[in-house]
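First to last, the protein sequences are chains A and B. Take 1 as the starting number for the first sequence in the working numbering and just add one per residue. Take 1001 as the starting number for the second sequence in the working numbering and just add one per residue.
Hints listed in this document are in silico derivations from the structure and should not be mistaken for laboratory results. There could be a bad hint or two in this list.
What the hints assert, rightly or not - Quick look at which bits of chain A chain B covers, simulated, 3 or more residues with Cβ under 8 Å:
#1 50-62
#2 65-71
What the hints assert, rightly or not - Which chain A residues stay away from chain B? Per the calculated CB distances, all over 12 Å, these:
#3 I11
#4 L15
#5 V18
#6 S84
#7 S88
#8 A89
#9 K90
#10 E91
#11 K92
#12 G93
#13 E94
#14 S95
Unchecked claim - Pairs of lysine-lysine residues, derived as DSSO-like cross-links and limited to a Cα-Cα distance of at most 27 Å, are as follows:
#15 B/K1291 with B/K1347
#16 B/K1181 with B/K1148
#17 A/K53 with B/K1413
#18 B/K1186 with A/K32
#19 B/K1148 with B/K1179
Please read these numbers as outputs of a predicted model, since none were measured by experiment. From the three backbone atoms N, C-alpha and C, an ideal C-beta is built for every residue, glycine too.
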Amino acid sequence: MQIFSHPVPLILAILLTVLHFVAPALPALFEKILKYANICLHIVLYFALILFKTPLDEVVLVYLVSLLLYILSALLWQRIDARSEQSSAKEKGESKK
Amino acid sequence: MTFNSLAFVLFYPCVLLLYFLLPRRARLPLLLAASYFFYMYYQPSLIFLIFGTTVISWLAAWGISRSHSLAIRRLLLSLTLIVCLGTLFFYKYFDFLMGSITGLIRFFGGTASPIVLSLVLPVGISFYTFQTLSYVIDVYRGSIPHEKNFFYYALFVSFFPQLVAGPIERPENLLPQLKEKYVFNKADAVKGAKHMLVGYFKKICVADLLAETVNLVYNVPEEATPLGILIATALFAVQIYCDFSGYTDIAIGISRVMGIRLMQNFDHPYRARTVREFWSRWHISLSSWFKDYLYIPLGGSRCARWRHMLNLMIVFAVSGLWHGASFTFIVWGLLHGVYQVVGQLTKRPRVALRARLGISEDSRILHAWQTACTSLLVGFAWLFFRANSMQDAITLLGRFFNGAAWLLPFSLKENLGLSSVAVLTVIVSLALLWLMDRLVAYGDGEDGSAVLVRDGAFVYIVWTLLLVYMLLLASDKVSTFIYFQF
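Required output: the full structure, derived from the provided sequences and hints.
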């Protein structure tokens, strides 16, 4: 597992993970910028991996982990959004009463 | 060309571009030409076979629709059945039958050398033959009118997304859609793209990944360990699901972008609680074909009990044979038949036992138990499906049930070729598959897949998938889909 012992891809991967989970919490403009930064970083990461002749199975694993994290973060934020919408709707209902 | 080849990556955007740019009246010739080109990319010479089948079945349906004489209608239907099934038999089963007869003669002490034609099996022959048969039978039954425009019918038979591995479309679903005046719809395009992505993910990231491990065990059965067989068979169950349903997802997605909705072919089959339910979720287009054109004409369940059981066995034996000219497929089909028969026979005692034990039908534990049992039975049958020959299947079973072999040392790396990266990849890809299967619904209703396209991230998924896809292409790992051989 060369890739997971090398600091550069490791730092990049941690950064990407943070971006996955943090971006939706930021204001719309920053969120958009971070999302595109995330995409660019991914492309840079994959090209860097190819350039340094990382074994294909390790590149695929990085991609899969990233995709899994992306979906999990999206699910997490979907749930958070739904809850906050629910609570705001409740508050509105109570204030009307 | 296969959906996971570079040729298709170039072919599909060209077809799509022309489809929406050209005038509507040009769409029929465009799709027909594209479909024939798609098929000729595999086997140029065998295009005459599909064209011949199309002409014969269309002419027969034309004759059936015009004739008022029952005798003539029956004669035309019989002739079509003989020609279509005869062609299928000739290409797919002739060598198998000759080999079996020779084997039988030798078994009884005789001497014989088999007549082997070694013909190249036309890709998708089982699929398009069944599709043409459903058309002619439906016209004969009067359930659909005869399609007067030959070219629309030719496109129905050869429509490229589903030509080589289904779904086996019904004329009443596909034919009217081919004639519709469709304008580009963003919602359809997004839905189609999602299906394609999920399909590519299933094929490239799961099925192809698992294939290496499965092949390692099944291609050398003499060296397989019991635990290796267990893991490889479980992985094969996932592999074949991802391979075939992945193909279907891509086909559905490709068509959906063009405004054509193909039928659903899979509905979470491994969630089935009975083998019967499994067949209503697995390869739905084939199961419903057999139900409508074989099971019900045989008498279905509205007959004596023994006849009902016999009908089930016949349908599943034929279903096994449809998959391939080998005894392994026949045994696989018969096993499913036996499961169904035993399931029918033990239904009452099982219900009575549950009532006696006070287990509710809605009990989650019961559901989990039933799902586990069904998966186990289906998994056992997959062993025969995947084995390269009957001899290999027997060898694998012999080694699996050999008590002493369980005590042999087992290593994921040595016995299954799984490195630590590969094990992690398999675990992550299975987790992703589980998530995607939960998120993406196949109908028109709302599903959880909105999560997959949250904001601009859809672009990210497309790009990264394409990138991985190209990486895999660069590594010469392009593989065909399992169901192409059928």
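Hint-by-hint comparison with the structure:
1. 50-62: holds (count 8)
2. 65-71: As far as the region 65-71 of chain A goes, the hint holds, because 6 residues have Cβ atoms under 8 Å from chain B.
3. I11: holds (19 Å)
4. L15: holds (15 Å)
5. V18: holds (16 Å)
6. S84: The claim holds: A/S84 sits with its nearest Cβ about 16 Å from chain B, beyond 12 Å.
7. S88: For A/S88, whose nearest Cβ neighbour in chain B is about 20 Å away, the distance exceeds 12 Å, so it holds.
8. A89: Check passes; 19 Å lies beyond 12 Å.
9. K90: The claim stands: A/K90 keeps its Cβ more than 12 Å from every Cβ of chain B (closest is about 23 Å).
10. E91: holds (25 Å)
11. K92: The claim holds: A/K92 sits with its nearest Cβ about 24 Å from chain B, beyond 12 Å.
12. G93: holds (24 Å)
13. E94: holds (29 Å)
14. S95: About 30 Å separates A/S95 from the closest Cβ of chain B, which puts it past 12 Å; holds.
15. B/K1291 with B/K1347: holds (21 Å)
16. B/K1181 with B/K1148: holds (18 Å)
17. A/K53 with B/K1413: holds (23 Å)
18. B/K1186 with A/K32: Cα-Cα ~22 Å, so holds.
19. B/K1148 with B/K1179: holds (12 Å)
Consistency with the previously given hints is maintained throughout, with no hint failing.
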